[in-house]
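Q: Based on the provided sequences and hints, a complete structural model is requested.
Residue numbers (my numbering), protein chains in the order written: chain G, 1 to 226; chain X, 1 to 188; chain A, 1 to 192; chain Y, 1 to 324; chain U, 1 to 449; chain F, 1 to 288.
Keep in mind that the hints were calculated from the coordinates and are not lab data. Predicted model, so just to flag it, every value in this text is computed and none were measured. Wrong hints could be hidden among the right ones.
To be verified - Okay, the calculated beta carbon distance ranges per label pair: (1) R92(X) / G21(F): 17 to 25 Å; (2) N102(X) / P167(G): 41 to 49 Å; (3) F63(X) / T159(G): 35 to 43 Å; (4) E2(A) / V9(X): 42 to 50 Å; (5) R92(X) / A60(Y): 43 to 51 Å; (6) A177(Y) / E83(X): 31 to 39 Å; (7) A71(F) / S75(Y): 31 to 39 Å; (8) A238(Y) / D126(A): 30 to 38 Å.
To be verified - Beyond 10 Å from chain U on every Cβ pair, some chain F residues (computed): (9) A114; (10) L160; (11) V180.
Using N, Cα and C, we set each Cβ at its ideal position, and we do this for glycine too.
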Amino acid sequence: MKKQVSLSKEYAKGLWDQNPVFKQVLGMCPTLAVTVSAMNGIAMALATTFVLVFSSFIISLIRKLIPSQVRIASYIVIIATFVTIVDLVMRAQFPDLSKALGPYIPLIVVNCVILGRQEAFAAKNNPLRSVLDALGMGTGFMLALASLGGIREIIGSRTLLGMQVLPDAFEPWLVMILPAGAFLTLGLMMGFLNSLVERRKRRDEAAVLAQHMRTPAAAMLEGQEG
Amino acid sequence: MKTIVAMLVTLSLIGVVSGGGLAMLSSWADPLIAANKKADTERAIFLVQPSAKSYEKVEKVAFELYRVFDETKNPLGYALPWEGNGFQGKVRMMVGVSADLNTITAIEVLDQVETPGLGTKVTEEPFRKQFQGLVAVPQVDWVKGVPPTKENEIQTITGATISSKAIVGIVNDGLAHLRKDMAQGGAQ
Amino acid sequence: MELILIFLSAALVNNFVLAYFLGICPFIGVSNKLSSAFPMGLATTFVMVLTAIVTWLIYHLILVPYHVEYLEYVSFILVVAALVQFVEMVIKKVSQPLYRALGIFLPLITTNCAILGLALFIVLKDYSFVESLFFGVGAGTGFTLAISIMAGIREELDLADIPKSFRGAPITLIVAGLLALAFMGFAGMITV
Amino acid sequence: MSSVTVTEAPTGSELLLSTSPHLHSRWTTKQIMWFVVLALVPCVISAVVYFGFYQLVVVATAVVFAVGTEALIQSLMKKPVTVTDGSAVITGLLLGLIVPPNFSLVFTALGSVFSIAIGKMVFGGLGFNIFNPALVGRAFLQAAFPVAITTWTIPHFAVDAVSKATPLAALKFDHVATGLSPLFVGNVGGSLGETSAIAVLLGGIFLLVTGVANWRIPAAMITGVIVFGGGLWLLDPAAPDPVFHLFAGGFLFAAMFMATDMVTSPVTGTGMWIYGLGISLVLVLIRVYGGLPEGVMYSILFMNAFVPLINRYTQPRIFGEGQA
Amino acid sequence: MKFNTFPGGVHPPEEKELSEHCAFERMPAPSMVVLPLSQHLGKQANPLVAKRAAVVQGEVIAEADGFISAPVHSPITGTVKSIGRESNSSGYMKEALVIVPAEAAEGEEIPDPVMMPPLNPDSATVEEIRARVKAAGIVGQGGAAFPTFVKLTPPEGKTIDTVILNGCECEPYLTRDDRFMLERPEAIVSGLKLIMRALGVSKGVIGIENNKPQAIASMEKAVATQNGLSVCALQTKYPQGAEKMLIKAVNGREVPPGRLPLDVGVVIQNIGTAVAIHDAVAKGEPSITAAVTVTGRGIRNPKNLIIPIGTPISDVIAFCGGLTDDAAKVVVGGPMMGVAQHDLNAPIMKATSGIVVLTHDEVRKQEETACLRCGKCVDACPLHLMPTRLARLAQLNMVEEAERLSITVCMECGSCAFTCPANIPLVQWLRLGKQRVIHLQRSRKNTAA
Amino acid sequence: MDLNILIAIATMGGLGFIFAGALAIADKKLRVEENPLIGQVNDVLPGANCGACGKAGCYDFAVNVVEGTMAPNGCPVGGQEVANDVAALLGIEAGEAVKIVARVLCRGGNIEAARKLVEYRGPQSCATMDLVSGGSKQCQYGCMGGGDCVDVCTFNAIHLNENGLPVVIDELCTGCGMCVKACPRSIIELHPADREVFVFCKSHDDPKTSKDVCEVACSGCGICARKSDGGVIIENGLAVIQWDNFDPDKIPFDKCKSSAICFLRDGFAEHQAEVAAAAAEMSPEQSN
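A: Put into structure tokens, the structure is as follows:
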């Protein structure tokens with residue numbers, strides 16, 4: 001019924017084409033809440049990826065056993081179990097990180113990226129593909145969180161991964177580590193990424209145009225960029 | 001009927017596996033988490049009573065309180081965890097105070113949700129340092145914009161007056177409770 | 001008074017969406033039309049109250065007495081998911097118009113982190129049963145307020161000449177950021 | 001083409017073709033904008049008189065960066081550059097007038113850029129923004145550099161040292177009230193343009209008389225402050241009295257120049273009243289109960305967000321609708 | 001003294017002084033006439049003559065086709081030169097007859113004009129009045145050119161209690177109705193009484209804006225002795241002369257959207273229509289002339305003229321001394337709602353009320369700028385619409401939303417565009433929006449059926 | 001196995017059992033009949049209920065798709081795969097039919113078409129120009145050059161050339177018909193991409209008028225119709241191709257004085273050169 005794509009593609013699609021943050025606009029809560037620093041972002045993404053991968057694996061294993069009426073309830077219990085595992089382990093082994101991510105660890109349960117992937121992918125594919133898909137999504141999530149966290153950390157506290165990267169003369173913009181800064185930064189990032197994509201698309205179109213029309217309209221089109 | 005049985009069995013089974021697994025995990029994690037928590041408290045106690053070498057929990061009071069000792073088990077004073085309202089939410093702190101309850105040894109902020117970069121300055125060294133050796137009778141007071149002149153005064157942080165005042169308020173409130181308890185002989 | 005403050009705090013000062021980043025997905029996803037945003041807010045408020053009640057009972061009657069607090073997430077989410085599904089079925093059966101107006105938003109609410117967040121906050125802040133109720137209503141009102149404002153603005157922005165690459169999610173996030181800036185004015189007003 | 005020929009007929013070769021109506025009123029957008037600029041001049045003068053010549057540099061920086069940002073973004077987006085319409089000048093001027101005296105030029109410039117870029121251009125430019133751009137810039141500065149933006153300077157001719165803090169902050173944190181007459185002439189601490197009620201009223205009345213600003217909004221705001229502020233004051237005399245509310249802080253300045261911004265205020269008469277009353281309610285709440293001494297900026301931004309809803313629900317009754 | 005009016009509206013410069021003192025002149029027959037078959041609202045008339053046929057002044061050359069339609073009479077005696085598509089002052093090419101005057105040089109006798117038999121206006125019966133108005137091809141002179149006969153034949157079950165004569169002439173520049181009221185008050189009163197009799201109404205009001213004190217005095221004098229007739233002086237404000245606004249101002253009733261004045265018991269007729277009805281009944285004249293104000297700073301000698309219908313605009317302009325050098329725009333109708341002409345060969349039609357020539361100075365190019373949402377258009381709209389939003393919705397083709405906000409109620413009076421500081425062509429967008437909404441409604445009806 | 005573990009198992013198992021039971025009963029008792037298609041569509045959707053489509057969850061999306069108020073590709077999470085599945089369920093198969101493209105059937109550009117002796121002021125959109133005496137060209141039927149078709153094309157497949165006429169780029173055109181709807185003069189039509197000959201005129205004017213207003217107008221002379229054996233008919237002064245029995249070989253293209261009927265590409269290329277030359281001549285004047 002469905003065309004089988006290559007395994008590497010199964011992984012790679014999460015990086016950009018179906019990036020959970022930039023493309024699907026999912027998992028916004030942790031994306032915005034914990035990215036006051038790059039480290040927090042990475043840690044959160046790791047935790048999410050862990051849950052995503054394991055729950056994908058389990059769910060794709062038992063996908064045929066679950067009756068559809070209790071599908072969501074079952075999935076979410078499985079997810080919640082892994083989240084609790086992450087939480088307990090973190091509190092036991094990495095108390096500082098656990099403090100920093102605070103109440104947002106339990107909210108991984110309701111991160112729509114995870115439930116979304118279970119429903120959209122793991123419930124319909126074999127364990128190998130599901131795990132690859134989960135890893136890809138996790139990596140994509142990590143890319144987004146790390147870059148957002150990095151930007152906010154640099155401007156908001158002059159540091160990157162805890163090391164000072166901007167001179168003392170630079171007054172940090174406190175707004176960047178506030179909620180407002182999170183929304184604004186992500187909004188602007190998405191806007192600029194979109195405009196890059198748009199630009200590339202226009203260039204491709206201009207190429208087609210140039211090939212098939214012997215008029216300077218193609219140049220005109222290029223002029224409309226931006 | 002078959003689906004109903006399937007539903008019951010599946011969801012119960014998942015619940016059972018999940019509950020069991022988590023219980024086993026928690027039996028491993030719980031002691032570690034408790035230890036972490038204890039280490040945190042211990043660290044805070046020694047931070048607010050730098051010269052202390054050991055401590056014990058005071059059991060008779062209605063609130064959490066630690067008495068600290070030097071090498072020779074002489075009582076140095078107390079470490080009092082206390083909390084109150086800050087600018088945006090609860091602030092939890094540890095107050096170190098001398099045995100006669102008249103001088104503060106140091107303070108430490110344990111938990112807060114103040115404005116990052118602004119209210120959070122109360123957790124930083126320059127502000128906390130003002131409390132070291134601060135006279136706490138009749139109570140701690142604050143001044144704004146100018147250096148303190150009296151020995152029971154501290155200067156508030158520019159732009160974070162409310163957070164600064166909240167800290168002072170929590171310290172005073174905690175000490176007041178402690179004194180009341182002492183007067184009733186509870187802590188002895 | 002305390003109860004009213006809890007309500008106001010949850011609705012305005014510590015708005016779930018704009019201060020705690022809870023429930024952002026529906027806030028961005030379902031805010032393009034007021035006609036769907038407002039019912040969404042109502043449905044969320046309804047589920048929040050329900051959740052506040054049920055999870056408070058579970059926590060205080062089962063988890064605490066038997067010292068299995070670590071089952072918090074698993075049991076809460078199971079309850080929320082099942083409850084939402086159940087309520088959806090009931091509404092669908094009882095009243096088709098009500099289902100059209102409110103019920104269809106229910107599945108979306110399961111994965112609304114504001115719901116689970118609410119349950120966890122109640123535990124964290126150690127609210128009493130009645131306080132939990134007020135907190136639930138307040139948080140729901142705050143969510144409804146935020147999503148309705150956003151929907152109003154987005155309908156207005158449909159008429160605006162927004163640069164193409166900023167349409168949709170980016171401009172919504174930017175507006176949310178500016179809203180968050182505006183809500184900062186309430187900071188320090190109530191500390192509960 | 002008609003085959004009819006007419007002798008001595010006018011050719012019509014230079015005629016214009018356009019849709020009715022063929023007459024237009026004298027108002028143009030440009031004129032409205034430059035009238036606002038003119039109305040702000042007294043405030044600029046009062047800023048220079050009370051806080052020194054440097055303030056002119058601050059205001060100029062804000063204006064230059066606002067205009068520059070708009071021009072730059074428009075040319076980057078390959079849209080016609082319309083900075084001559086004066087709207088960016090107003091944004092710059094307003095922003096320059098609501099920062100504290102001797103404010104850092106770098107921050108001023110940053111605020112201007114943010115005002116125009118995020119407050120306005122991202123929404124598609126003039127006419128489409130939801131929030132008042134100058135206030136967006138100010139709110140950004142407040143959130144980014146809270147210390148710098150609440151560091152006040154003593155005005156020239158200050159009567160006493162207390163004037164260093166703004167009257168509102170003095171009342172809130174130190175429980176020191178400021179007299180009315182310094183508030184009126186502007187001899188108090190505060191943002192550049194907002195301290196002198198005389199200067200603000202001069203410009204504001206000019207705008208109201210010429211009809212550039214709609215009188216309903218300032219009227220609603222003043223009514224609101226008297227009612228809500230007065231109500232709280234009657235309940236609790238420790239709260240500021242309504243007259244103090246009226247003249248302290250940026251209230252008048254905001255009522256005249258910020259809230260009346262056409263783009264971000266409602267278009268209907270009823271809507272304007274709701275908007276103005278809403279601003280003053282939120283303002284009084286923040287001033288009396290909030291953690292901040294001044295809240296006029298936040299209250300306007302907050303109500304800006306409601307404008308689409310207000311417009312929607314105060315839409316006038318269509319003529320004849322609901323009749324037999 | 002407080003004059004009645006309606007909420008909203010605007011005050012454009014009046015500019016009536018250019019032509020208000022000029023008494024009506026009768027313009028001689030032109031070298032040819034172009035007679036569009038559709039000079040009225042409703043179905044186009046059916047031509048009765050063929051190419052090269054000889055016609056006599058007053059002869060019916062096209063008959064009404066259907067209930068809402070009106071016949072066309074030849075304004076001159078001559079020969080049909082062609083039947084085809086000709087420019088029309090609405091700006092489009094429409095079916096029209098072209099007639100050239102008969103040449104009298106060869107001593108041939110030019111036949112007398114064909115007139116209908118005069119009737120006694122005081123004793124004509126309801127049926128006689130209706131039949132005469134229909135046969136004379138009279139259409140409303142207010143601009144919409146609605147066949148008057150239809151208005152005099154209200155549907156069963158409607159009760160009408162008031163007839164209002166519209167003497168507001170709220171369009172700037174125009175002075176035609178003003179002149180009628182000064183020169184022919186008796187004809188107006190007689191026409192009004194005929195209308196009232198046809199409708200069985202005993203109350204007649206003549207509404208006049210207070211910028212025409214002489215006209216008010218003249219009409220007050222004329223109705224002084226008449227039972228049930230009165231003059232109502234109104235505040236000078238545009239669009240006071242719009243039907244709905246006039247009713248609101250005169251007796252406070254509001255005509256609901258999509259309904260007609262007769263739904264609130266009122267029939268409105270224009271001053272010019274009343275005169276035409278009087279002439280048709282008392283003198284037997286069909287509708288073959290139009291009373292037109294030719295004015296504006298772009299015309300050398302502004303005049304008020306009685307012009308044979310079908311006369312090309314260029315002839316009329318030439319008769320008034322031609323265009324000045326800085327003439328920029330020729331508008332047929334008033335400057336607020338009239339149509340700018342691109343082809344001056346277009347003819348004068350039955351309902352043409354004015355030709356206004358504006359100069360470059362008056363129509364100087366103003367740049368369109370962004371909407372500031374200042375709300376001036378919302379204040380100005382007499383129908384309480386939100387023009388700026390509707391225009392934007394039309395521009396973005398958001399038809400359903402525009403429909404929800406009642407765009408179809410708009411009567412294109414132009415108050416919004418007049419007052420708009422951003423110079424946005426609101427009327428043009430609104431017109432487009434209306435067109436699209438109506439199209440949508442029609443296709444919806446089709447799919448439903 | 002200590003007690004704690006047993007309690008945990010009992011709690012979770014119990015909760016699971018209770019809620020599964022409740023749901024099972026609800027499922028039995030509360031089942032509501034509905035269009036089975038909704039359920040089928042709902043099943044292929046991701047089911048994340050994330051709201052990214054703008055609807056209240058996947059079920060709402062399914063309802064809307066089935067009712068036709070939303071496109072099958074409206075789910076950003078599911079992407080193309082889901083879109084294809086949904087489309088398959090709904091039977092909206094794209095299929096492998098002949099490619100359909102838009103064709104602009106007017107060649108009266110700025111150079112060929114006579115202009116009115118007036119200066120039009122107002123929005124340069126065809127829809128609005130059409131309301132003001134039909135814009136600045138004399139012809140009431142032809143292209144006004146306002147570019148409404150260009151604006152509505154989401155695929156950037158249509159552009160105005162120097163002559164002010166829209167040109168379709170076949171490679172990008174999807175045949176969606178948006179431009180057809182946008183054109184107030186209905187001069188754009190959808191045709192199979194392999195059709196080569198068209199009558200590039202929509203004017204119903206009489207021969208003299210059409211000659212006056214446009215160099216490339218069809219005057220309805222009927223030369224092409226006479227030789228075409230019914231492949232072309234004259235309707236109301238305009239040649240109209242009857243595609244069912246049209247044979248280009250029978251058309252005497254050289255006899256058409258205005259080349260209103262001609263080959264798409266040939267006529268186009270030739271004409272393009274003329275236009276370019278004319279435009280080059282005109283441009284210095286126009287630029288002032």
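Q: Against each hint, give a clear statement of whether it holds in the structure.
A: Now the hints, each set against the structure:
1. R92(X) / G21(F): 17 to 25 Å: Once the Cβ atoms are compared, 43 Å apart, the range 17 to 25 Å for G21(F) and R92(X) is violated.
2. N102(X) / P167(G): 41 to 49 Å: holds, 45 Å
3. F63(X) / T159(G): 35 to 43 Å: holds, 38 Å
4. E2(A) / V9(X): 42 to 50 Å: holds, 46 Å
5. R92(X) / A60(Y): 43 to 51 Å: holds, 48 Å
6. A177(Y) / E83(X): 31 to 39 Å: holds, 34 Å
7. A71(F) / S75(Y): 31 to 39 Å: holds, 37 Å
8. A238(Y) / D126(A): 30 to 38 Å: holds, 32 Å
9. A114: Given that every Cβ of chain U is farther than 10 Å from that of A114(F), nearest at about 12 Å, it holds.
10. L160: Label holds. Min Cβ-Cβ 19 Å, cutoff 10 Å.
11. V180: holds, 14 Å
Violated hint: 1 only; the structure is consistent with all others.
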